[in-house]
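Here the structure of chain U is known, so what remains is to put chain Z in place on it, guided by the hints.
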Amino acid sequence: MNFSLFYLSPELILALGGIAALFVGLASKSRKGFPWPEVFCLLVLAAALVPTIAMLTMGRVTSGTSIFGGIFAVDGLAMFFKIVALISTGIVTLISTDFFRRIRFHRGEYYALLIFATLAITTLAASADLIMIYLTLEFLSLTSYILAGYLKQDTKSNEAAVKYFLYGSIASAVMIYGMSLIYGLTGTTNIVEIASTFKVNPASYSLLYLAVVMLLAGFGYKIAMVPFHQWSPDVYEGAPTPVTAFLSVGSKAAGFAVLIRVFATGISTAILDWAGLIMVLSAVTMTVGNLVAIPQTNIKRMLAYSSIGQAGYLLLGVAAMAYSSIALPSVLLYIFAYTFTNLGAFAVVSMISTRIKSDYIRDYAGLIRRAPAAAVAMVFFMLSLAGIPPTAGFLGKFYIFAAAIQSGNSWLLALTIVAIINTIISVYYYMNVVRYMFFVKAKRIEPIEQPGIMNFVIGMTFAMTIIILVYAGPFISMAHISSGMFKGI
Amino acid sequence: MPFDLHSINLFDMGKQFVFTLTLQKISFLAVAFMTFASAVAVVTMKNIFHSLLFLVLTFLGVAGIYLLLSADFLAAVQVLVYIGAITVLIMFALMLTSKLMAKRVSQTMEQWIVALPVTLGILVVLIRLVVLNPWGMKAAPAGPTTGIIGTSLMTKYLLPFELASIVLLVAVVGAILLAKEDKSDDPS
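From first to last, the protein sequence lines are chains U and Z.
If you number the first sequence the way numbering that gives the first Met the number 0 does, the last residue is 488 and the count never jumps.
If you number the second sequence the way numbering that gives the first Met the number 0 does, the last residue is 187 and the count never jumps.
Be aware that one or more of the hints could be misleading.
To be verified - Derived EDC-like pairs (lysine to aspartate or glutamate); straight-line CA-CA distance at most 16 angstroms:
1. K155(U) with D358(U)
2. K151(U) with D181(Z)
3. K356(U) with E448(U)
4. K151(U) with E180(Z)
5. K356(U) with D153(U)
6. K28(U) with D181(Z)
7. K486(U) with E192(U)
8. K155(Z) with E192(U)
9. K155(U) with D272(U)
10. K162(U) with D272(U)
11. K356(U) with E445(U)
12. K356(U) with D272(U)
In short, the hints are calculated from the structure, not lab data.
Pulled out of the complex, with its shape left as it was, chain Z reads as follows:
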């Protein structure tokens, strides 16, 4: 009798375990497929604006993967910064350069024959090494990460956090310098 009970319990638990794993697996596969397919579309589309729209989908897929890894803050930042800021910025740049908007251009050049085997080789090596080797690291327990990230940015990583503001300052100065049209009567 106890033996039966035990086995039933085990069976139930196992069933539950398999089920949750499958749900996670299914959502992972869906997100990964979306990311991968739209990433392929980004580099194959003839119209650069279509590429950009697929890029949004790729970024969304990456945000989904972050969510599956229970990195909630990172997922939110991914959506805000990459989809909200960067793609909109690229969109503005594209719409302001009318030459690029309507044009249909091939994204491949004649060197793809050399590049393909090289990149495939690198891919195989990477997959083999990353999948076959033990990592020795255990996943952190799931939970909200925003507070932890905020605390470490203000304590341990205060220096890089402050330095990043100077990096941004340099980027702003550089962008203005390079984009500004120099008039011939510019005094300096």
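Chain U on its own, in the form it takes in the complex:
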């Protein structure tokens, strides 16, 4: 039991920190003076990051173990997603300090909710039991609804919260029905025991397939997978930009964490061949995301469709997991690269849009004169999202495509060709932003103020976007260490 307390330490720190953050918010009502809620939020996240990294580097967790009788996995996969969640919430916190500078809002509660949302992701990443998965998914959704509607005076933010809530409740209702079917087939909710039960008594194929499709409704909603993506453009547009950044990275990563765990450990391909289904969904997701992104004029909507497209590439990696051992590390590497790239892009969008009071791409015209550093960084973020060197996105995409080709499966090969065509399509709308920033004449030319904190965030994400490619070794080995998974006692 002594060990389990250490294994649980990131969650304990986050839970206590989140509750304490509510009081810190109460104590620092004044907007002037030291920004206690922000600093406290960052301290809590950093404190939770230390034991998480320690567990991953200690090497003990790579083989995988579990606490609480197998419902809470302590393995590389969980640690990886915890690290991604903690880092991305940290960056979102920094973006928030700038975004909410001139907006009246409940500050203490906002940062407490961010911490709780991170707690939801960290527990979700470690959940190895359907009850835990359902509870943590609902926890994450509930927190996200509140955060999406945080700008109460803004009708678009209200719309975002209500749409997200309605869509999310239906998706989780369908998912819990699928979970109940699996429980009915196996008599257990633990995904390791589910796997062992199915190996002894194979279930009826059609019934299990139905359950898997229903599970995918809940997971697919979190990762914005077509056809469960309709909420994402409206929510991304209406939610406060830092929250959009959180949804597009932390929340999406959480969806992939649970998807990977359930399909790799619980319902593996030996039990039900889901690779074909995921491949079809991957092709549809990336194609819809990339095609619909082209006509978008609002940069947040464009990034929403772009993130749907990114989910499609990641699903290609998930499908390749059925055939190739390097698929999982490459998916993780892609998620790591995508985290910094997308957060960097949203940092630029947040900084610019609060100052020019517009989210339209046409208002980014002439940005190279008005905010040169941000414009240059944005070019690299767009290149990285498109997967063009010299950026991290290239490495991620290269590894995923390599895993798909290495598997030797002809369907995966065909899907890789679809993905490459989609990449070429995506270059068009990513470079459209660059075209506006560099080559379209601006109506106004006065420079845009760049506060130090945003320079730091954009500079840091920019540096990571380059470093992950240039100095790839440690990141690749981290992805390999992290792909260790708890598969039973």
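Here is chain Z on its own, set in the frame of chain U:
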């Protein structure tokens, strides 16, 4: 002679068996019909308050089904939480919004023509799959479940049990945040 006795016994047992099955069947059919009919009424009533009253009946029907499945604790929770708390909460919300109380509104919109075949299709697929396939699971022996549930909540499922309290905390904070009227002199 032994043969006759045997057959009589079998006949008696069979008769008893048929009888108990029918009793269970009758109560199931009654409860299921009540649940289904009131659920239909919930989504068709023009007055939203009437919908709510039928919702109580639906929840009661679901509690009845839990009882028939010998899930006693679940049935009690269903009555306490759903009928006792949730519907009363909705009732308060309705009574406080006078606009909704008297209004007669249609619950269908023009998209029902598309929605009906889709939902019916899903229903047919679900029924076919769930009824025609073997489940392989045997029902647990009937008996009181409260103690078992309590033990597992305090041992194996301690973590989700504790986590649920944080979920509730977040829900409370969020409800206050979203419902609170922001005054212009609000300091934060």
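Hint check results:
Only pairs whose Cα atoms come within 16 angstroms are accepted, and K155(U) paired with D358(U) is accepted, the gap being roughly 13 angstroms. At roughly 9 angstroms between alpha-carbon atoms, K151(U) and D181(Z) fall within 16 angstroms of each other, so this suggested pair holds. Distance check on the hinted pair: K356(U) and E448(U) sit about 13 angstroms apart at the alpha-carbon level, within 16 angstroms; holds. Of the pairs offered as hints, the one joining K151(U) and E180(Z) holds, with about 10 angstroms between alpha carbons and a cut-off of 16 angstroms not exceeded.
Between K356(U) and D153(U), the direct Cα distance comes to roughly 13 angstroms. Compliance with the 16 angstroms bound is thereby established for this hinted pair. At roughly 15 angstroms between alpha-carbon atoms, K28(U) and D181(Z) fall within 16 angstroms of each other, so this suggested pair holds. With a CA separation close to 10 angstroms, the supplied pair K486(U) and E192(U) stays within the 16 angstroms bound. Simply put, K155(Z) and E192(U) have alpha-carbon atoms about 14 angstroms apart, close enough for the 16 angstroms limit, and the pair holds.
With a C-alpha separation of about 42 angstroms, the suggested pair K155(U) and D272(U) falls outside the 16 angstroms cut-off, and the hint is violated. Proposed proximity of K162(U) and D272(U) is contradicted: the alpha carbons are some 33 angstroms apart, above 16 angstroms. This hinted pair checks out: K356(U) and E445(U) have alpha carbons roughly 14 angstroms apart, not beyond 16 angstroms. With a C-alpha separation of about 49 angstroms, the suggested pair K356(U) and D272(U) falls outside the 16 angstroms cut-off, and the hint is violated.
Of the numbered hints listed earlier, those contradicted by the structure are 9, 10 and 12.
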